[in-house]
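Q: Chains B, C and D: place on chain A using the hints.
Below, each chain spelled out in residue letters.
4 protein chains.
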Amino acid sequence: MGSFKGHALPGSFFLIAGLWWAGKYSLWYATLRNKSLGSTSTRLASRSTQRRLEVIEGSVTLFFSVVGMLAEQFVADGPRLHLYDYSEHHWDRLHNWQHSTMYLFFGLAGAMSLIVHTTDAAPLALDRLMLAIAFFIEGFLFLYHLHGRAMLDVHVHQLLLFCVFGEAMVSFLEVFHRGNMLLELLRASLTILQGSWFWQIGFVLYSPSGAEWDQKDHNNMMFITMCYCWHLVFSLLIVSVLYCTIIWSLWCTMRQGYPYRPSPL
Amino acid sequence: MGSFKGHALPGSFFLIAGLWWAGKYSLWYATLRNKSLGSTSTRLASRSTQRRLEVIEGSVTLFFSVVGMLAEQFVADGPRLHLYDYSEHHWDRLHNWQHSTMYLFFGLAGAMSLIVHTTDAAPLALDRLMLAIAFFIEGFLFLYHLHGRAMLDVHVHQLLLFCVFGEAMVSFLEVFHRGNMLLELLRASLTILQGSWFWQIGFVLYSPSGAEWDQKDHNNMMFITMCYCWHLVFSLLIVSVLYCTIIWSLWCTMRQGYPYRPSPL
Amino acid sequence: MGSFKGHALPGSFFLIAGLWWAGKYSLWYATLRNKSLGSTSTRLASRSTQRRLEVIEGSVTLFFSVVGMLAEQFVADGPRLHLYDYSEHHWDRLHNWQHSTMYLFFGLAGAMSLIVHTTDAAPLALDRLMLAIAFFIEGFLFLYHLHGRAMLDVHVHQLLLFCVFGEAMVSFLEVFHRGNMLLELLRASLTILQGSWFWQIGFVLYSPSGAEWDQKDHNNMMFITMCYCWHLVFSLLIVSVLYCTIIWSLWCTMRQGYPYRPSPL
Amino acid sequence: MGSFKGHALPGSFFLIAGLWWAGKYSLWYATLRNKSLGSTSTRLASRSTQRRLEVIEGSVTLFFSVVGMLAEQFVADGPRLHLYDYSEHHWDRLHNWQHSTMYLFFGLAGAMSLIVHTTDAAPLALDRLMLAIAFFIEGFLFLYHLHGRAMLDVHVHQLLLFCVFGEAMVSFLEVFHRGNMLLELLRASLTILQGSWFWQIGFVLYSPSGAEWDQKDHNNMMFITMCYCWHLVFSLLIVSVLYCTIIWSLWCTMRQGYPYRPSPL
Numbered sequence: 001m002g003s004f005k006g007h008a009l010p011g012s013f014f015l016i017a018g019l020w021w022a023g024k025y026s027l028w029y030a031t032l033r034n035k036s037l038g039s040t041s042t043r044l045a046s047r048s049t050q051r052r053l054e055v056i057e058g059s060v061t062l063f064f065s066v067v068g069m070l071a072e073q074f075v076a077d078g079p080r081l082h083l084y085d086y087s088e089h090h091w092d093r094l095h096n097w098q099h100s101t102m103y104l105f106f107g108l109a110g111a112m113s114l115i116v117h118t119t120d121a122a123p124l125a126l127d128r129l130m131l132a133i134a135f136f137i138e139g140f141l142f143l144y145h146l147h148g149r150a151m152l153d154v155h156v157h158q159l160l161l162f163c164v165f166g167e168a169m170v171s172f173l174e175v176f177h178r179g180n181m182l183l184e185l186l187r188a189s190l191t192i193l194q195g196s197w198f199w200q201i202g203f204v205l206y207s208p209s210g211a212e213w214d215q216k217d218h219n220n221m222m223f224i225t226m227c228y229c230w231h232l233v234f235s236l237l238i239v240s241v242l243y244c245t246i247i248w249s250l251w252c253t254m255r256q257g258y259p260y261r262p263s264p265l
Numbered sequence: 001m002g003s004f005k006g007h008a009l010p011g012s013f014f015l016i017a018g019l020w021w022a023g024k025y026s027l028w029y030a031t032l033r034n035k036s037l038g039s040t041s042t043r044l045a046s047r048s049t050q051r052r053l054e055v056i057e058g059s060v061t062l063f064f065s066v067v068g069m070l071a072e073q074f075v076a077d078g079p080r081l082h083l084y085d086y087s088e089h090h091w092d093r094l095h096n097w098q099h100s101t102m103y104l105f106f107g108l109a110g111a112m113s114l115i116v117h118t119t120d121a122a123p124l125a126l127d128r129l130m131l132a133i134a135f136f137i138e139g140f141l142f143l144y145h146l147h148g149r150a151m152l153d154v155h156v157h158q159l160l161l162f163c164v165f166g167e168a169m170v171s172f173l174e175v176f177h178r179g180n181m182l183l184e185l186l187r188a189s190l191t192i193l194q195g196s197w198f199w200q201i202g203f204v205l206y207s208p209s210g211a212e213w214d215q216k217d218h219n220n221m222m223f224i225t226m227c228y229c230w231h232l233v234f235s236l237l238i239v240s241v242l243y244c245t246i247i248w249s250l251w252c253t254m255r256q257g258y259p260y261r262p263s264p265l
Numbered sequence: 001m002g003s004f005k006g007h008a009l010p011g012s013f014f015l016i017a018g019l020w021w022a023g024k025y026s027l028w029y030a031t032l033r034n035k036s037l038g039s040t041s042t043r044l045a046s047r048s049t050q051r052r053l054e055v056i057e058g059s060v061t062l063f064f065s066v067v068g069m070l071a072e073q074f075v076a077d078g079p080r081l082h083l084y085d086y087s088e089h090h091w092d093r094l095h096n097w098q099h100s101t102m103y104l105f106f107g108l109a110g111a112m113s114l115i116v117h118t119t120d121a122a123p124l125a126l127d128r129l130m131l132a133i134a135f136f137i138e139g140f141l142f143l144y145h146l147h148g149r150a151m152l153d154v155h156v157h158q159l160l161l162f163c164v165f166g167e168a169m170v171s172f173l174e175v176f177h178r179g180n181m182l183l184e185l186l187r188a189s190l191t192i193l194q195g196s197w198f199w200q201i202g203f204v205l206y207s208p209s210g211a212e213w214d215q216k217d218h219n220n221m222m223f224i225t226m227c228y229c230w231h232l233v234f235s236l237l238i239v240s241v242l243y244c245t246i247i248w249s250l251w252c253t254m255r256q257g258y259p260y261r262p263s264p265l
Numbered sequence: 001m002g003s004f005k006g007h008a009l010p011g012s013f014f015l016i017a018g019l020w021w022a023g024k025y026s027l028w029y030a031t032l033r034n035k036s037l038g039s040t041s042t043r044l045a046s047r048s049t050q051r052r053l054e055v056i057e058g059s060v061t062l063f064f065s066v067v068g069m070l071a072e073q074f075v076a077d078g079p080r081l082h083l084y085d086y087s088e089h090h091w092d093r094l095h096n097w098q099h100s101t102m103y104l105f106f107g108l109a110g111a112m113s114l115i116v117h118t119t120d121a122a123p124l125a126l127d128r129l130m131l132a133i134a135f136f137i138e139g140f141l142f143l144y145h146l147h148g149r150a151m152l153d154v155h156v157h158q159l160l161l162f163c164v165f166g167e168a169m170v171s172f173l174e175v176f177h178r179g180n181m182l183l184e185l186l187r188a189s190l191t192i193l194q195g196s197w198f199w200q201i202g203f204v205l206y207s208p209s210g211a212e213w214d215q216k217d218h219n220n221m222m223f224i225t226m227c228y229c230w231h232l233v234f235s236l237l238i239v240s241v242l243y244c245t246i247i248w249s250l251w252c253t254m255r256q257g258y259p260y261r262p263s264p265l
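Protein chains in written order, with the working numbering: chain A, 1 to 265; chain B, 1 to 265; chain C, 1 to 265; chain D, 1 to 265.
Isolated chain A (complex conformation) (with noise of 0.2 angstroms):
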């Protein structure tokens, strides 16, 4: 991408879907504690509106990576489709290429997702499944992306394949351990991790405000290593605050009807 809408876009996008992960979650699992309680948890927690929820998130995914892919591909300096240069001999523009491959996965995460919440064709740990696949493959394209970049700029995303590829290995141990509200907030905050940290590489390489990070001073390296840190005490205060703010609204939704106390797990 090279530039810092490229880094602030990838970096909202992640920063929704975090937030939106911690809200569903956090929804869930309050009705669940609370499901003998009323109408209004019952209402929440039922299975079809639980589907209905996953299908919204599944055909949003799908459509924004859709989008994305096109974008990459026909934006002004894009490649429209060519994948080799042949009057030059070499390939064209593959920085837009490799974009689009990731947004291919997370495409197919979504249409997967869809697929598995909408017929009863597959079982439903597919769509972790097809998730950690797709944050391996980020990683993993990430990985090859390096070679030959300056000191920082190579530090900063390393630091990001810390958290894509922690969010595989969550998505992987939830095949397993569906419905661990723990993983599932735990994904949620290195999610919008992600997204903030993208902002940060923006702000580092390319700052809007025209100020120049040098590239090979070792105290910029050791003072963003930190700030990466607190990137992730960052993500998991608001993953807090959101938890606390439902099941909160929702115990005092409740309350209207009858006196009511929170039920130990």
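Incorrect hints may appear among the rest.
[What the hints assert, rightly or not] The calculated DSSO-like cross-link candidates involving lysine-lysine, where the alpha carbons are at most 30 angstroms apart (straight line), are: (1) 5/B <-> 216/B; (2) 216/A <-> 5/A; (3) 24/C <-> 216/A; (4) 216/B <-> 216/A; (5) 24/C <-> 5/C; (6) 24/D <-> 5/D; (7) 216/B <-> 216/D; (8) 5/B <-> 24/B; (9) 216/C <-> 216/D; (10) 5/A <-> 24/A; (11) 216/D <-> 5/D; (12) 216/C <-> 5/C.
Worth flagging that the hints you see were computed from the coordinates, not collected in a lab.
A: Same frame as chain A, now just chains B, C and D:
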């Protein structure tokens, strides 16, 4: 092997093995779900049919492994069981010996599968453990196979290691999660990926059209990495199509007798 | 930190934490086995006592983490919350900031433990997940901390990483295997190892006796590696002795009432 | 050790340990399956017999570990418990000390096995955990043992690490999957592999026939890698033969009383 044929041959074997596995596990999953529904399904799902299929698979694996070992030894320029050339004091055609060793482990896996499914002497999971060991040894030998080659040559073989070690890991997981259809289909996909990637290696390094790739161009490496992801998409699609076809055709066969709706998982 | 005190202080904290954990889990395991045997045991094993201990542990962790963060910022040559020195255009005392970040994560783990054990808002396993994240971040920051130091300096810190990442892994496993005494005692042992190793690092790099180690002697590295194993033996022995003492003293206390023989597992 | 004997001795120990384990676990599995069938089987399968075997195994391990530690210290050119040579200011015979440390951990594992199987003080799985730690420490010490040696020397020891860390991992898995015969036989196979590989290292580096290997020839490295795989085949075959013999002889013994057909798993 160092020739186009030498990569196309194992590639074809792995392609066929992957397709066979995808078909076999789809069929079992389909019959398992519809067990209570009719004679066709019952007959297909019966344990004796399954056992017979496993025995056939084991025998074929064993047969082709033995053929492969003999072929590696007795082809025109093979070592004919000579390991050390005493006249010139060097090892004799180590590549052929290494390939024989790989075949040997797949042969052991086939033999173990035969034993496990024809007698009651050993626990069932032993066939997956031997398969995991066979894939691990394949990756292990490739790992120390690449010393002193050109950059692109090393890279395409390193990419191969991802799917080989992936298959070893998935097979080892199956020792503990036997019958998990997702792992079985993932193994089938990775095997197809391995097969088609062997063909790709043949085309890149020993192109039959005579065109040569620049082995030191970084763009070629980036393209190859991306190409590997496309092979994965391709193998996932093949497995999906196969799976849907089998589910569908079984459904059509059985619907002739009475109305049928796929049961929810 | 770069001083003897700077390594002895966290070392002491980890030593105390390890001893505390070894004692706590031994006590729980002992009372769990003898649950049916008398009032002492019943009282110790009661859930409210356990909860109170956990709350105390969480509070103490949180308190010392906050104190640590403040100390790192406001000691004589601390950064006093200044992150960037605008006059000289460089980052200000990044080491202190890194240590503050480590304390921050342990503080979060303590706070999460408090929340989990005082309210019913979140699943119990969250305290182990936050502990795993805290240890992971500690190791992660150390990993990128070592650029450009002398060989022996790098080596003693790399050895530290083995037990830090080990603790992260064990804590993460406890999310799925909560209450497995072996994992809990292993975590206690690794924490004692970490604590005593911090002391060892202090003695090697900033010896209070003034003797200096040759940082480039390969024999020193081999000795240090072996020394690390002896620390592990030492920590395993401490945990064993503590465990046996507690089992024994509890047995003596309860035998006063009536004849007792430890029940088989 | 640096001599042929120094590699043949531990090699023989590991070979015997591997054979013992293969025999022990085969016997238990065989008796477990035929439990209901006769007095011979019942007697062999009884818990007290098993416990007695474990106690013997633990005692023997402990005894030979102590002998090994003493031998390393008090052989002709041993350090005799001197760690530092003050006259010449260097560490004294670190290799002997390292080997003593390895024996120490195996001694601990033996002692722990004794404690676990003679008293009820600790959970059973502790013996596997200590075994995993002992193998891990063996690999850990080898890992930092190889600095500055010739290429082939490093390579043969690196290959050793695969089976040592493999055994550590398998033992750790057994903490959670105790009694899984596949893991137990895999551990036996890897131990035999380790034993026979020690002999191979002795023949390659300190050949008793006086022939020297070219330590820098890449073909030698490729042959050695392949040779390692053959050792694995060899150890798998030995374990299989042992297993079949035991199953068969037990079947013959019991058939004398009444007609018998092995029961399906």
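Q: With reference to the structure, classify each hint as holding or not holding.
A: Consistency of the hints with the structure:
Distance restraint check for residue 5/B and residue 216/B: the Cα-Cα separation of roughly 24 angstroms lies within the 30 angstroms cut-off, and the hinted pair is therefore satisfied. Proposed proximity of residue 216/A and residue 5/A is supported: the alpha carbons are some 24 angstroms apart, at most 30 angstroms. Taken as a hint, the residue 24/C and residue 216/A pair is broken in the structure, with Cα atoms around 48 angstroms apart against an allowance of 30 angstroms. Proposed proximity of residue 216/B and residue 216/A is supported: the alpha carbons are some 26 angstroms apart, at most 30 angstroms.
Restraint check for residue 24/C and residue 5/C: satisfied, since their Cα atoms lie roughly 28 angstroms apart, inside the 30 angstroms limit. Restraint check for residue 24/D and residue 5/D: the C-alpha separation of about 28 angstroms stays at or below 30 angstroms, so the hint holds. For the suggested pair residue 216/B and residue 216/D, the alpha carbons sit about 26 angstroms apart, so the restraint of at most 30 angstroms is met. The straight-line distance between the Cα atoms of residue 5/B and residue 24/B is roughly 28 angstroms, inside the 30 angstroms bound, and the hint therefore holds.
A hinted pair counts as satisfied when its Cα atoms are at most 30 angstroms apart, and residue 216/C with residue 216/D qualifies at roughly 26 angstroms. For the hint linking residue 5/A to residue 24/A, the alpha-carbon distance of about 28 angstroms falls within 30 angstroms, and the restraint holds. Simply put, residue 216/D and residue 5/D have alpha-carbon atoms about 24 angstroms apart, close enough for the 30 angstroms limit, and the pair holds. Between residue 216/C and residue 5/C, the direct Cα distance comes to roughly 24 angstroms. Compliance with the 30 angstroms bound is thereby established for this hinted pair.
When the structure is compared with the earlier hints, a violation turns up for hint 3 alone.
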